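Could you build all of it, start to finish, from the sequences and the hints given here?
Chain by chain, the residues:
2 protein chains.
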Amino acid sequence: MAELTGNCLIAQSGGPTCVINSTLAGAVTEALNYECIEEIYGGLNGVVGILNEEFVDLAAESQQTIRGLRHTPGAALGTCRYKLKKQQDYERFFDVFRAHNIRYFFYIGAGECQETAGNVSKLAEENGYDLRVIGIPKTIDNDMVHTDHCPGYGSVIKHVSTTVREIACDNEATGQGDLVSILEVMGQSSGWIAAGASLAKGRDRPHDPPHLIYLPEVAFAPEKMIEDVQRVLRREKYCLIVVGEGLVDKDGNYVSVAPGAGDGFGHPVAGGTGEYLKRILDENLGLKARTARLGYTQRAAATHTSRTDGDEAYLAGQAAVRAAINGETGKMVTLLRGDSDQYSCETGLAPLSEVANGVKALPVDWIHEDGVSMNHQFYKYAHPLIQGEVAVPYDSGLPVFAHLKKEKVKKRLEAYSVE
Amino acid sequence: MAELTGNCLIAQSGGPTCVINSTLAGAVTEALNYECIEEIYGGLNGVVGILNEEFVDLAAESQQTIRGLRHTPGAALGTCRYKLKKQQDYERFFDVFRAHNIRYFFYIGAGECQETAGNVSKLAEENGYDLRVIGIPKTIDNDMVHTDHCPGYGSVIKHVSTTVREIACDNEATGQGDLVSILEVMGQSSGWIAAGASLAKGRDRPHDPPHLIYLPEVAFAPEKMIEDVQRVLRREKYCLIVVGEGLVDKDGNYVSVAPGAGDGFGHPVAGGTGEYLKRILDENLGLKARTARLGYTQRAAATHTSRTDGDEAYLAGQAAVRAAINGETGKMVTLLRGDSDQYSCETGLAPLSEVANGVKALPVDWIHEDGVSMNHQFYKYAHPLIQGEVAVPYDSGLPVFAHLKKEKVKKRLEAYSVE
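The listed protein sequences derive, respectively, from chains A and B.
According to the working numbering, the stretch in the first sequence is residues 236 to 654, in order.
According to the working numbering, the stretch in the second sequence is residues 236 to 654, in order.
Please note: incorrect hints may appear among the correct ones.
[As the list claims (entries may be wrong)] Chain A regions said to be covered by chain B (calculated; three or more residues, Cβ under 8 angstroms): (1) 524–533; (2) 631–642.
[Said to hold, decoys possible] Dumping the calculated DSBU-like pairs for lysine-lysine here, alpha-carbon to alpha-carbon at most 35 angstroms: (3) A/Lys357 with A/Lys320; (4) A/Lys357 with A/Lys318; (5) B/Lys523 with A/Lys640; (6) A/Lys357 with A/Lys646; (7) B/Lys357 with A/Lys320; (8) B/Lys645 with A/Lys615; (9) A/Lys595 with A/Lys615; (10) A/Lys318 with A/Lys485; (11) B/Lys641 with A/Lys472; (12) A/Lys640 with B/Lys595; (13) A/Lys357 with A/Lys615; (14) B/Lys595 with A/Lys523; (15) B/Lys472 with A/Lys641; (16) A/Lys646 with B/Lys523; (17) B/Lys320 with B/Lys645; (18) A/Lys318 with A/Lys459; (19) A/Lys595 with B/Lys523; (20) B/Lys321 with A/Lys641; (21) B/Lys321 with A/Lys472; (22) A/Lys318 with A/Lys595; (23) A/Lys318 with B/Lys523; (24) A/Lys459 with A/Lys472; (25) B/Lys357 with B/Lys643.
In case anyone wonders, no lab produced these hints; they're calculated from the structure.
The structure presented is a predicted model; accordingly, all values stated were derived computationally and were not measured.
Ideal placement from N, C-alpha and C gives every residue a C-beta, glycine not left out.
Structure follows, in C-alpha cells:
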C-alpha cells in the first residue's frame, strides 16, 4: 500500500453523546503520529460545514483542550442532520476535498451518516480521487449493526441506572406501599436504554428497583400494567417504573405522542409515556404517581460518563486513523467483544455499505419472560459497559468543559448554497 | 443547668434531600460524645413511627454505615407528612417518650414539621416532662425563615446548574439559531431553585445559558416570552430556558397544573410548565422546542451533592445535639453567614415558635430588571452554597449508598392506631 500524503478531515453528525468528543480526541491524537497526514481539519456541523467549506484547524488547539474533550459532552465540532442526496452536493463535496487536498475523511455518527460516508467513499473510487474514508460509530440508541455495542450507550445507561439508584433512596423514604414513581427514558424505536436501567438492580437482590420496565419491544397493555403495579405494591414500599418513550400497543402504534409533536411529515414522535402511564395508574388505582422525564439531559450527562465507554470511544477514534493509514477505506470501525468471561474489547472494521441501513434490535430473548425485566443475558452484555468513572474537573462548584477555539481555515472556493 | 440523663430520639420528616442523612450522621456522631445520652434511637417515618413506637437502635449501626449516610440521598429513617393534631396524638407521644425515657428529641424537617417539634416542646414544659427538643432545618425549597439558607438547597441548585452546563454543550452542537430547550425544575411556590440555575452562567459571560429563567415571582405573560425567545435566538445558536414548576399568571393562578393532579383538597398542584411553554413556542414560532423535567430526581442526585451543603447539614446535626446538651429546648438550629466577603457559616438557634409557619421569599430585588435572569446579589448569595464536591463511592459501575440495618427497639406499649 502506497503512502498517501495529504490533509485529514474529521466531522461529527447526528445527536450528541457524552463520548463523541472522546472519539474526536482519539482521532486527532492519533493523526498527529503520522507525517503523511499534513493538516488536521475539523468540519463544522457535519456535511453542512463541509459543503460550506467551514473548516477549523484542530492541530492548532492546545493539548489541554484536546484532552478536555474526553470529558466534554455535546459535539465540539457541531453536528447536522443533513444528508447528501443531490448529485450537486456530492460534486461540491469533492470540489471542497480537492481544494483542501483532503485525503483522509473520518465521519463520527450513526447509521444514516455512515450512509453518506459510504457514498463518498464509493464516489471517490469511481472518480479516481485518492481518498480514505473511515466511519466511526456513535449513538446512545445502541442500534448499529456489526458492532457489539456503540460508543455512547454505556454512558447513557450508567446515567439512567445511577438515577434509579438515587431515586430509590428517595422512594424508600416516603413509600408506604402506595408510591409509584415513573422515569421516562429515551428510545424512539427500541428499549436498549430502558433495558439498561435494569443494571441498577444488584445481582440476587430481587427487591431492588426498577421493579417494572416497559419496553417498546413488548406490546403495552394497560390492564397488565395495573396488575403488575398491584403485585409490586403488595410486596414493596414503592414501585419504581422505567418506561421507554417509544412504547407501542399491540397494533404497533405509539401509546403516547409527544405533546405538540410530529416530525413535519405526519409521522408521530413518541414521548410523554411517563405521563401516559401515570394517568392510567392514577385513574385506576387512585394513586398520585410521580414522573420524571430526563429528556435530552440523558445524552449530555458527562458527570455520569462510563470510563469504559469513554475509553472505547477514544480507541475507536484512534483505530479509524490507523485503519486509514494502513490503506483501508469504505469501512466503519466496530467494537468487538472478546470471547472470554473477562470482558475485553478491541476494534474491527466492517464495510460502510453494510452498516448504513442496518438496525440492531434488542434481542427479545434477553427480556425476562415476565415482560417487565431483563434476564441474565442482558446483564452479562450491558454490565461491563458501565464500568469505571471519568473524573470531570470542577471549578468554582461546577464542571468545566473544553471549548475549541476553532481557528478557521481559509476558504478557497466560491460560496455554496446548502438547502 | 442540671445535666439531663436519658435517651435520645432522632427523626426525619417531609421530602427527602441529598443531605438530610448527613444531618442524621452529624447528630448521631455528636450524641456519642455525651455520657448523659444513653441510647440513640431513630424514629421510623417521622412522627408516625413515634406514635407507633417504631424505634431503631442507631448506636448499633456500624461506623461505616453512619459515615456512608453522608453521601446517601433519601431519608434513611423514612419520613412522613403526618402532623400531630389531636390531643390524643400528643398524649400518646408522651406515653411513648416516657416508656423509653426519651429526654432529647431532634426533628429534621421543614417548617410544618418544626411546628410539631414546637408543640411537643411546649407540652413537655406544661406537663413538667423534662425534655429537650431541637429542630434541624432541611428543604430543597430554601424557604425557611431565621436561617440564611437551608440544608439541601445548595445541592439541588448544584445539580440543576450542572445539568444546564451539560445540556448547553449538547444544544451548542445542534442549534443553528432555531433551537429552544426547556428545563423544568421544582418549586411549587417560589423560584429559589429556578434562580439557582443562573449559577451555570460564568461571570462576565453573557452568552452562557440559561438565557431565560421564568420564576413564580414574575407574573408570566406568553407574549413577553415569545419576544424574549426571539431576542435570544437572534443572538445565540440556541435558547436554553429554565422554568419553575410553580409559574403563575398575572392573577396569581398556576399557568399549568400537573396532569391528573390535585392535592385531594381541591387545590391544584403545579407542574408541566415546561410542556406549557413548549406549546406556546411551537405554535407561535413554528419551533419544536425540547423539554426535560427532572422531577424528583432533583432532590435525590447524590452524585451532585455540594460539599458545602453536605458539611453544613452535618454541622447542623452536631449543633442540635450540642445545644440540647447545653440546656436549650424549643429551638431550631439555623445557619448564619459571616459578614466578611469570604464566605463562612456557623450555626445559631431560633425559637421553634417563630420558624414554624414563616416562609422566606426569594427577594425580588435579586431578580434582574429584565425579569428573566438573576443579578449579582443572588450570585453572591448562592454561589458559595454549591462549592465543593462529595466523593460518592462506586462499586461495579454504580454509586453505593448506605442502608441502615435498623435493629428494632423492643416496644413497651400497646399498639396505637394512627389515622
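Comparing the hints with the structure gives:
1. 524–533: holds (count 8)
2. 631–642: It holds: at least three residues are needed, and the region 631–642 of chain A offers 5 whose Cβ sits within less than 8 angstroms of chain B.
3. A/Lys357 with A/Lys320: holds, 14 angstroms
4. A/Lys357 with A/Lys318: Answer holds: A/Lys357 to A/Lys318 is near 16 angstroms, not above 35 angstroms.
5. B/Lys523 with A/Lys640: holds, 30 angstroms
6. A/Lys357 with A/Lys646: holds, 26 angstroms
7. B/Lys357 with A/Lys320: violated, 79 angstroms
8. B/Lys645 with A/Lys615: violated, 44 angstroms
9. A/Lys595 with A/Lys615: holds, 18 angstroms
10. A/Lys318 with A/Lys485: holds, 33 angstroms
11. B/Lys641 with A/Lys472: With a Cα-Cα distance of about 16 angstroms, the restraint between B/Lys641 and A/Lys472 holds, given a limit of 35 angstroms.
12. A/Lys640 with B/Lys595: violated, 44 angstroms
13. A/Lys357 with A/Lys615: It is violated: about 38 angstroms lies between the C-alpha atoms, which goes past 35 angstroms.
14. B/Lys595 with A/Lys523: holds, 28 angstroms
15. B/Lys472 with A/Lys641: holds, 16 angstroms
16. A/Lys646 with B/Lys523: Distance ~33 angstroms between A/Lys646 and B/Lys523 Cα, so the pair holds.
17. B/Lys320 with B/Lys645: It holds: about 26 angstroms lies between the C-alpha atoms, which stays within 35 angstroms.
18. A/Lys318 with A/Lys459: With Cα atoms ~42 angstroms apart, A/Lys318 and A/Lys459 exceed 35 angstroms; violated.
19. A/Lys595 with B/Lys523: holds, 28 angstroms
20. B/Lys321 with A/Lys641: Judged against 35 angstroms, a Cα distance of about 69 angstroms means the pair is violated.
21. B/Lys321 with A/Lys472: Roughly 27 angstroms between the alpha carbons, so the hint for B/Lys321 and A/Lys472 holds.
22. A/Lys318 with A/Lys595: Cα-Cα ~21 angstroms, so holds.
23. A/Lys318 with B/Lys523: Between A/Lys318 and B/Lys523 the Cα gap is close to 20 angstroms, so the pair holds against 35 angstroms.
24. A/Lys459 with A/Lys472: Given pair A/Lys459, A/Lys472 holds - Cα atoms ~20 angstroms apart, limit 35 angstroms.
25. B/Lys357 with B/Lys643: Holds, at roughly 29 angstroms.
Of the numbered hints stated above, those contradicted by the structure are hints 7, 8, 12, 13, 18 and 20, listed in ascending order.
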